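As they're listed, the protein sequences go chains U and R. According to my numbering, the residues represented by the first sequence are 1 to 113, in order. According to my numbering, the residues represented by the second sequence are 1001 to 1111, in order.
Quick caveat, the hints were computed from the structure, so don't treat them as lab data. Note that the structure is predicted; figures quoted are calculated from it, not measured. Check before you lean on any hint, since a few could be wrong.
[Claimed, not checked] Selected chain U positions facing chain R (Cβ under 8 angstroms, derived; list incomplete):
#1 L44
#2 L46
#3 P106
Note that the Cβ used here is the ideal one computed from N, Cα and C, for glycine as well.
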Amino acid sequence: SQTIHQWPATLVQPVGSPLSLECTVEGTSNPNLYWYRQAAGRGLQLLFYSVGIGQISSEVPQNLSASRPQDRQFILSSKKLLLSDSGFYLCAWSRAGGYGEQYFGPGTRLTVT
Amino acid sequence: DAKTTQPPSMDCAEGRAANLPCNHSTISGNEYVYWYRQIHSQGPQYIIHGLKNNETNEMASLIITEDRKSSTLILPHATLRDTAVYYCIVRAFSGYSTLTFGKGTMLLVSP
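Based on the sequences and whatever the hints tell you, model everything.
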């Protein structure tokens, strides 16, 4: 069966510090991968998606970047965090080609102070 | 993706059926209806999806009207653990279309 992992589960970082969140998927090959953010009291916002190694599409301009160094690894990064980067970050995967449903990880709660 | 309209909140007694409505009047012929839910502080969980026929799985049933302009998610015997925000989403099944989450319906199941 497929599983998706995210770490860390929670993170508190000062403004201006760097960020690296990692997501890995097991039990599937060549998945589509997604990063979402959910700000407090708001819906999910798609940040990035990837259809393959090194292929990243950005949905909104922001202070964040994403990379996919391996088939089942997706990383969300920032060089300098802003207060507005606080939120609940979720990684998701779907089968190759974007078909069907997406499966979400447990999420990382980021607080920028 | 077409837009959806859901009530902001609903209440249900434990053990009773929870019927969550969704309007999607501008849905296109190649778009499916998906339902997800998000329990507090957890990632969204896929529930069910359908095109035009009614669908049932171990979690819920999905009833889609004949004109496909609305649907209802049915939890046949709601439990306290079903308390969550439920999202109705329409999207094309093929291609790289992504999920667009709205505000959903907050379902509160009470004892």
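Going down the list of hints, with the structure as the test:
1. L44: holds (4 angstroms)
2. L46: With Cβ-Cβ at 5 angstroms, under 8 angstroms, it holds.
3. P106: holds (6 angstroms)
Checked against the numbered hints given earlier, this structure breaks none of them.
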